[in-house]
Amino acid sequence: MVKELLKGNVAFAEAALRYGLEAYFGYPITPQSEALEHLSGRMLEEGRVFLQAESELGAINMVYGAACSGVRVMTSTSGPGFSLMEEGLSYIAGSEIPVVVVNMMRGGPGLGNIQPSQGDYFLMTKTAGHGDFRPIVLAPASVQEIIDMMGLAFDLAEKYRTLVLIAGDGAIGQMMESAELPPMQPVRKERPAWAVTGAQDRDMNLITSLYLNPDRLEEVNWRLQAKLAVIRENEVRCKEYETADADLLLVAYGTVGRICLSVMREARAQGLKVGLLRPQTLWPFPEKRLLELAGQVRGMLVVEMSAGQMLEDVERAVRGKTPVQFYGRLGGIVPLVDEVAAALRKLDEETSQEK
Amino acid sequence: MKHEEIIFSGFGGQGALFAGQLLAYAGMAEGRQVSWIPSYGPEMRGGTANCTVIVSDDEIGAPIIKNPTSAVVLNLPSMEKYEPLVKPGGVLVVNTSLVEVKSTRADLRVIYVPASDIAGELGNPRMANLVMLGALIAATDIVSLETVGQELGVHLSERQRKWLEPNKAALAKGAELARL
Chain A
1 MVKELLKGNV AFAEAALRYG LEAYFGYPIT PQSEALEHLS GRMLEEGRVF LQAESELGAI
61 NMVYGAACSG VRVMTSTSGP GFSLMEEGLS YIAGSEIPVV VVNMMRGGPG LGNIQPSQGD
121 YFLMTKTAGH GDFRPIVLAP ASVQEIIDMM GLAFDLAEKY RTLVLIAGDG AIGQMMESAE
181 LPPMQPVRKE RPAWAVTGAQ DRDMNLITSL YLNPDRLEEV NWRLQAKLAV IRENEVRCKE
241 YETADADLLL VAYGTVGRIC LSVMREARAQ GLKVGLLRPQ TLWPFPEKRL LELAGQVRGM
301 LVVEMSAGQM LEDVERAVRG KTPVQFYGRL GGIVPLVDEV AAALRKLDEE TSQEK
Chain B
1 MKHEEIIFSG FGGQGALFAG QLLAYAGMAE GRQVSWIPSY GPEMRGGTAN CTVIVSDDEI
61 GAPIIKNPTS AVVLNLPSME KYEPLVKPGG VLVVNTSLVE VKSTRADLRV IYVPASDIAG
121 ELGNPRMANL VMLGALIAAT DIVSLETVGQ ELGVHLSERQ RKWLEPNKAA LAKGAELARL
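Line by line, the protein sequences give chains A and B.
For the first sequence, position 161 (counting from the first letter as 1) is numbered 161 according to our numbering, and the numbering increases by one without interruption.
For the second sequence, position 47 (counting from the first letter as 1) is numbered 47 according to our numbering, and the numbering increases by one without interruption.
To be clear, the hints were calculated from the coordinates, so they are not data collected in a lab.
No experiment lies behind these values; they were computed from the predicted model shown.
Wrong hints could be hidden among the right ones.
[As the list claims (entries may be wrong)] EDC-like mimics (lysine to aspartate or glutamate), calculated; alpha carbons at most 20 Å apart, straight line: (1) B:K2 <-> A:E266; (2) A:K227 <-> A:D215; (3) A:K126 <-> A:E287; (4) A:K3 <-> B:E30; (5) B:K87 <-> A:E339.
[Claimed, not checked] One side only, chain B facing chain A, incomplete, derived with CB under 10 Å: (6) Y25; (7) Q33; (8) I37; (9) D58; (10) H155.
The C-beta atom is built at its ideal place from N, Cα and C for all residues, glycine as well.
Model the full structure from these sequences, guided by the hints.
Next comes the structure, spelled out in structure tokens:
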């Protein structure tokens with residue numbers, strides 16, 4: 001295959017199609033609308049289903065229905081649209097069906113703006129809908145990574161019959177980079193045994209999230225939690241840069257993760273032993289590895305395009321074993337290398353006095 | 001290790017975004033890592049449109065930067081915004097057809113090109129972006145002019161195909177002026 005110059009939104013849409021996406025339902029919203037534009041043509045060319053719903057509410061419920069019939073299905077949106085989808089996401093989680101949703105985060109709350117943000121971290125990792133559940137949340141930092149993560153997202157969603165979210169941001173959606181798309185894979189013909197496909201010559205399948213008997217619902221919940229425990233144990237992913245001898249650790253994901261890569265390189269060039277841990281899964285979170293590193297470094301700096309959301313997970317993970325400081329920009333402002341470098345110097349000065 | 005960060009900026013419609021894309025395509029064709037990111041906010045409507053292109057031998061970190069190694073400014077608002085931000089020792093390419101002020105930076109290599117006028121003489125003032133790109137390439141050697149010409153042939157839209165040769169001439173003229 002050859003490398004192409006691809007825009008993030010077009011790249012994840014085309015990658016999904018090549019990974020066998022059979023149906024897409026969505027509603028346009030900046031900064032991810034190019035995905036709909038691309039799929040509105042390509043899905044029809046390939047004889048698949050593309051439908052622009054009347055709203056995000058309509059879209060997520062169409063996704064829910066299609067997923068119940070066992071087809072590979074997804075939608076994509078940005079913050080305000082994601083909020084509208086939450087009811088449907090909870091039904092999807094309660095029904096334990098595989099669904100993939102991309103959220104290209106933008107500045108909020110409310111209508112906010114269309115610039116890059118990471119303000120939906122809580123929303124995606126902790127409160128994607130009512131009831132006790134967690135979606136798997138993947139966090140790409142480049143056009144190539146979002147392409148690769150589309151395949152991973154479908155695989156994980158179907159392996160665990162669970163909801164998988166992709167936490168992008170406006171910059172990942174709008175940026176063009178050289179990247180390689182996967183080869184076209186055939187659409188899966190067979191439907192999973194649990195799918196609702198018409199019960200001719202077999203027993204009826206029932207997909208529901210309604211359990212009026214509390215004993216039964218508790219049983220269902222414990223089974224769901226047992227599955228999430230397996231995911232928590234097996235599906236943590238993160239990328240480490242120069243952590244082996246690090247005295248200080250940067251922790252950041254997505255676009256901010258790669259900005260911190262530049263910060264790390266500059267700091268290293270000045271003789272400061274800095275490492276970077278970039279979570280590729282926000283849930284499950286790389287907490288074990290962070291706890292290990294907490295015993296090695298003299299401090300951590302968490303950087304986000306939010307007021308400090310992943311920060312809470314880092315603090316929880318390191319259990320007070322190392323100082324954790326924070327630098328964030330809000331409202332669609334992307335932190336620049338110089339600003340983060342200044343925050344890193346402050347951490348360096350404050351922690352070198354202690355030891 | 002070579003690592004160049006270039007901002008292209010102008011009015012919407014002046015082709016700043018396309019010139020940046022063309023540089024990214026050329027960088028990719030020469031086996032380098034590239035990223036291209038546009039401003040996509042409301043300022044694009046009638047205001048300045050800009051993009052940041054990074055061409056590097058290494059995995060690209062921050063795709064959004066404050067201080068570019070080069071800036072290509074197609075109009076006065078772009079000059080005012082980016083002239084102060086170019087890194088010392090960097091390159092500033094100025095479209096003198098629309099920017100009448102001179103740079104006050106003594107620590108830059110400043111290239112003045114009457115790009116819109118030259119493009120007009122070659123048949124279409126909208127090719128000013130290619131004149132400017134030619135001047136940038138000649139001044140920096142980020143990629144070869146030949147590669148840019150090749151990529152132009154590949155990526156010029158069907159509708160614009162008749163402008164391929166004039167566009168190549170615009171590139172060459174910009175490069176020639178930068179070498180003077």
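Comparing the hints with the structure gives:
Taking the CA atoms of B:K2 and A:E266, the gap is near 15 Å; set against the 20 Å cutoff, the hint holds. For a cut-off of 20 Å, the pair hint linking A:K227 to A:D215 stands: about 19 Å separates their Cα positions. Between A:K126 and A:E287 the CA atoms are separated by roughly 15 Å; this keeps the pair inside 20 Å, and the hint holds. Simply put, A:K3 and B:E30 have alpha-carbon atoms about 12 Å apart, close enough for the 20 Å limit, and the pair holds.
Restraint check: the Cα-Cα separation between B:K87 and A:E339 comes to about 17 Å, which is no more than 20 Å; the hinted pair holds. Below 10 Å, beta-carbon pairs count as interface contacts, and B:Y25 has one with chain A at about 6 Å; its hint therefore holds. Satisfaction of the interface hint for B:Q33 is found here, the shortest Cβ-Cβ separation to chain A being roughly 7 Å, below the 10 Å cut-off. Taking 10 Å as the C-beta cut-off, the interface hint given for B:I37 holds, the closest approach to chain A being about 4 Å.
The interface hint given for B:D58 holds, since its Cβ lies 8 Å from the closest Cβ of chain A, which is under the 10 Å cut-off. For B:H155, the suggested interface contact is upheld, since its CB lies about 9 Å from the closest CB of chain A, less than 10 Å.
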